[in-house]
Amino acid sequence: MSPGFSQRLGRVELAASVRMTIKARELKAAGKSVVTLTTGEPNFDSPLHAIEAAHQAALRGDTKYPPQDGTKALKEAIRRKFKRDSGLVYALDEIAVSNGGKQCLFNAIMATVDDGDEVVIPVPSWIAYAQMTQLCGGTPVLVNCPQNNGFKPRAEDIDAAITPKTKWLVLNNPNNPTGACCSAEEIAAIAAVMRKHPHVWILSDDMYEHLVFDGFQHATLAAVAPDLKDRTLTVSGVSKTYAMTGWRVGFAGGPKPLIKAMTVMQGQATAGISTVGQAAAAAALDGPQDGVQVQIEAYQRRRDLAVKMLNEAKGISCHKPEGAFYVFPNVAGCLGKTTTGGRLLRNDEDVCLALLEEHYVATVHGAAYHMSPYLRISTATADDELLDGLKRIQVFCEGLH
Amino acid sequence: MSLTSERLDRIQPSLTIAISTVARKMIADGKNVISLSQGEPDFDTPRNVKDAAIAAMERGETKYTDVAGTQALRKAVTVKFARDEGIDYKPEEIIISTGAKQVLFNAMVATLNAGDEVVIPSPCWVSYPDIVTLADGKPVLVPCGQNNGFKLRPEDLEAAITPKTRWFMLNNPCNPTGAAYSKEEMKALTDVLMRHPHVWVLTDDIYDSLVYGGFKPATVLSVEPKLKDRTLTVHGVSKAYAMTGWRIGFAGGPVALIKAMDKLQSQSTSNPNSIAQAAAVEALTGQQETVESMRKVFEERRDLVVDALNSCPGIHCSRPDGAFYVYPSIQGCIGKTTKAGTPIKDDEAFALALLAEEGVATVHGAAFCYPGYIRISYANATEELREAMTRIQRFCQGLH
Numbered sequence: 000m001s002p003g004f005s006q007r008l009g010r011v012e013l014a015a016s017v018r019m020t021i022k023a024r025e026l027k028a029a030g031k032s033v034v035t036l037t038t039g040e041p042n043f044d045s046p047l048h049a050i051e052a053a054h055q056a057a058l059r060g061d062t063k064y065p066p067q068d069g070t071k072a073l074k075e076a077i078r079r080k081f082k083r084d085s086g087l088v089y090a091l092d093e094i095a096v097s098n099g100g101k102q103c104l105f106n107a108i109m110a111t112v113d114d115g116d117e118v119v120i121p122v123p124s125w126i127a128y129a130q131m132t133q134l135c136g137g138t139p140v141l142v143n144c145p146q147n148n149g150f151k152p153r154a155e156d157i158d159a160a161i162t163p164k165t166k167w168l169v170l171n172n173p174n175n176p177t178g179a180c181c182s183a184e185e186i187a188a189i190a191a192v193m194r195k196h197p198h199v200w201i202l203s204d205d206m207y208e209h210l211v212f213d214g215f216q217h218a219t220l221a222a223v224a225p226d227l228k229d230r231t232l233t234v235s236g237v238s239k240t241y242a243m244t245g246w247r248v249g250f251a252g253g254p255k256p257l258i259k260a261m262t263v264m265q266g267q268a269t270a271g272i273s274t275v276g277q278a279a280a281a282a283a284l285d286g287p288q289d290g291v292q293v294q295i296e297a298y299q300r301r302r303d304l305a306v307k308m309l310n311e312a313k314g315i316s317c318h319k320p321e322g323a324f325y326v327f328p329n330v331a332g333c334l335g336k337t338t339t340g341g342r343l344l345r346n347d348e349d350v351c352l353a354l355l356e357e358h359y360v361a362t363v364h365g366a367a368y369h370m371s372p373y374l375r376i377s378t379a380t381a382d383d384e385l386l387d388g389l390k391r392i393q394v395f396c397e398g399l400h
Numbered sequence: 000m001s002l003t004s005e006r007l008d009r010i011q012p013s014l015t016i017a018i019s020t021v022a023r024k025m026i027a028d029g030k031n032v033i034s035l036s037q038g039e040p041d042f043d044t045p046r047n048v049k050d051a052a053i054a055a056m057e058r059g060e061t062k063y064t065d066v067a068g069t070q071a072l073r074k075a076v077t078v079k080f081a082r083d084e085g086i087d088y089k090p091e092e093i094i095i096s097t098g099a100k101q102v103l104f105n106a107m108v109a110t111l112n113a114g115d116e117v118v119i120p121s122p123c124w125v126s127y128p129d130i131v132t133l134a135d136g137k138p139v140l141v142p143c144g145q146n147n148g149f150k151l152r153p154e155d156l157e158a159a160i161t162p163k164t165r166w167f168m169l170n171n172p173c174n175p176t177g178a179a180y181s182k183e184e185m186k187a188l189t190d191v192l193m194r195h196p197h198v199w200v201l202t203d204d205i206y207d208s209l210v211y212g213g214f215k216p217a218t219v220l221s222v223e224p225k226l227k228d229r230t231l232t233v234h235g236v237s238k239a240y241a242m243t244g245w246r247i248g249f250a251g252g253p254v255a256l257i258k259a260m261d262k263l264q265s266q267s268t269s270n271p272n273s274i275a276q277a278a279a280v281e282a283l284t285g286q287q288e289t290v291e292s293m294r295k296v297f298e299e300r301r302d303l304v305v306d307a308l309n310s311c312p313g314i315h316c317s318r319p320d321g322a323f324y325v326y327p328s329i330q331g332c333i334g335k336t337t338k339a340g341t342p343i344k345d346d347e348a349f350a351l352a353l354l355a356e357e358g359v360a361t362v363h364g365a366a367f368c369y370p371g372y373i374r375i376s377y378a379n380a381t382e383e384l385r386e387a388m389t390r391i392q393r394f395c396q397g398l399h
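Chains A and B, in that order, give the protein sequences. For reference, each letter of the first sequence is one residue, going 0 to 400 in numbering that gives the first Met the number 0. For reference, each letter of the second sequence is one residue, going 0 to 399 in numbering that gives the first Met the number 0.
Okay, chain A solo, but in the shape it has when bound:
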């Protein structure tokens, strides 16, 4: 017999993207030719100068316990980054470093959310926001952001969702899973609403901030509305911009009391961040940025390819997003139909599973991001593999009857 588990754990589940990635891996191991369009990580290598910096850090013996809130060298690099990229000025004690952007969010929510507190989350969204909220006994309040508004949150819908119990509003620009990105004007409209609700913290998750296309200008709330900076947490990291997912370094800028509370939380959960990872992150932030441009061009090219080919597929309609490395096609036109393998497609999960099991293309269904019937397709995939996957999706749709 097992002594048992906590109730809070029962409120959490394994992310659908992880479940689909595991299924894809199992099919691959069974010898199938699988195209994996589920991953949320760049297919590029980490920058050489970041690797070199980690290498040097290890050799010079930078292998001891780091400060819990990050090394001074990395925090200084982050301060320069916020200033350079967003015009945001943070003091060193207004910056925290964590094991990935995910831990910044986890720290912030664990440090502030009590039973019954509400967290307003525009959806579709990355599942982690709602999951972390539930883990803390909080209630996620989901605000629908339909395709007809480009999957972007409208200020009036956010306003309507806020109650006296609201603790946080979460913004994710560009958005995982849709790639949608609010303009400075759209953010200003949200900021205007937030001025009416001084009891609410604002979390701006800008993890994909550099991955925007067609000359789009990324904007972040603390810069658009400096008067709200003292209750805004701006989160970013090196994972997506510099292809450094495995290094696990994310960071946040925010008001000192919040950063301090997050550091206390982190001190209990993991303590500091791997020293070689921090050295690599500092080098990535301060080093040459031309590698980023090459990646942005690749993601834009792949987005264009994916949107075009998905819109050619029967029963699929795909919105063209401003950024990130995802597209979020609508598969309503496929529902109610039957695949060549004889499966009836009742919802997006059926579509997702049939695609994987009949055509070996792994995607994630929209329900996993709180909006159906959609699929999330990652373009962080080599061009020829992406092309192969998109062709298979076209063949799949062609065969529906």
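Don't read these hints as lab results, they were simulated from the structure. Accuracy of the hints is not assured; some may be wrong.
[To be verified] In silico PhoX-like cross-links for lysine-lysine, where the CA-CA straight-line distance does not exceed 25 angstroms: (1) B:24 - A:63; (2) B:74 - B:62; (3) A:307 - A:319; (4) B:89 - A:22; (5) B:62 - A:63; (6) B:258 - A:27; (7) A:27 - B:62; (8) A:22 - B:338; (9) A:71 - B:30; (10) A:255 - B:24; (11) B:30 - B:258; (12) A:71 - B:24; (13) A:22 - B:74; (14) B:338 - A:27.
[As the list claims (entries may be wrong)] Reference excerpt, derived from the structure (chain A facing chain B, CB under 10 angstroms, subset only): (15) 72; (16) 98; (17) 184; (18) 188.
Glycine included, every Cβ here is placed at the ideal spot set by N, Cα and C.
Use these hints to put chain B onto chain A, whose structure you have.
Here is chain B on its own, set in the frame of chain A:
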């Protein structure tokens, strides 16, 4: 509306802040401070481990790994547990985390409900009760006196367990006392645990390669394999391989518990640093001579420190079997006054005065839930230790 959540408010502010603030200021002012307060080896990470990390980054192992760690590292951990502890785990019974601390955090958050009790022998690492409290649990501290070598007695364990007990947490060898359990002592504890099947057992064995004088450390499962389906064996590379900054800890346990911890980790941090995981594979499976050479140095230092402390008036120091700490009683100094005229009213006053007057930083016992003592880490260069001992002797001789 309060900024912080109730769970965060339950965490006591660090008791060592006063001391570390003074130490930092003294160092900034150019004073010579010898720090005996750190919980990490003074040695550098072995070269073969660094080379493995460098090779991994150059190979492009810079992507997400499985949340619970790479297959290579989980396999290496099974090899380590079989070789060093005589415990057979399968890779799916292993989780890799960002330091052993995250293993403890995952385990507590994944299992504790409000009001659940966790039995913790004290003196203890303060993170044990803090993490339990953060996870809505109630730490039940069981004092383990110096007269029993700071070890838990089976009758005290028996008396502490109630129907609400969810975990028993043991640190063997122990931070801060260095106490380690022999086979017989451990058997007496596991006999008690066998009678209480509703209790999970966490054994934090992170210091178990650092034992001295031919002492054979006994782990929970080597003594009582029947506890395997409710025991979490916690370990890491930080202490044995001088890898604190890499942040890799791990645990072996029943699949259901490991899965629960994996799920939690997937929502808090995901996988530990991929490069550090590659480094840990080499640490666990590569040459092990460095572990032995560090151990030998630690043993010499332990003896140096214990002998020197026992020659100080007012100090009584046990000679522990493991870790790199000693935990001397300073109760004979309480009530006295230093040369500079500072009254020593408790262990914190002792540690602060020792720092201010002699430039030696230690941690006072209250920070380990057991006042009247100080913790001295001998993970410091031998010459520095000698100098520090001279200063402590002078300090104690000056008390009146």
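Verification of the hints:
1. B:24 - A:63: 21 angstroms, holds
2. B:74 - B:62: Between residue 74 of chain B and residue 62 of chain B the Cα gap is close to 19 angstroms, so the pair holds against 25 angstroms.
3. A:307 - A:319: 9 angstroms, holds
4. B:89 - A:22: 21 angstroms, holds
5. B:62 - A:63: OK: residue 62 of chain B and residue 63 of chain A at ~24 angstroms, within 25 angstroms.
6. B:258 - A:27: 23 angstroms, holds
7. A:27 - B:62: 19 angstroms, holds
8. A:22 - B:338: Judged against 25 angstroms, a Cα distance of about 71 angstroms means the pair is violated.
9. A:71 - B:30: Holds: residue 71 of chain A and residue 30 of chain B sit about 22 angstroms apart, inside 25 angstroms.
10. A:255 - B:24: 22 angstroms, holds
11. B:30 - B:258: 50 angstroms, violated
12. A:71 - B:24: Judged against 25 angstroms, a Cα distance of about 17 angstroms means the pair holds.
13. A:22 - B:74: Holds. Residue 22 of chain A to residue 74 of chain B sits at ~22 angstroms (cutoff 25 angstroms).
14. B:338 - A:27: Answer violated: residue 338 of chain B to residue 27 of chain A is near 74 angstroms, above 25 angstroms.
15. 72: 13 angstroms, violated
16. 98: At 4 angstroms from the nearest chain B Cβ, residue 98 of chain A passes the 10 angstroms test, so the hint holds.
17. 184: 30 angstroms, violated
18. 188: It is violated, given that the least Cβ distance between residue 188 of chain A and chain B is near 25 angstroms, above 10 angstroms.
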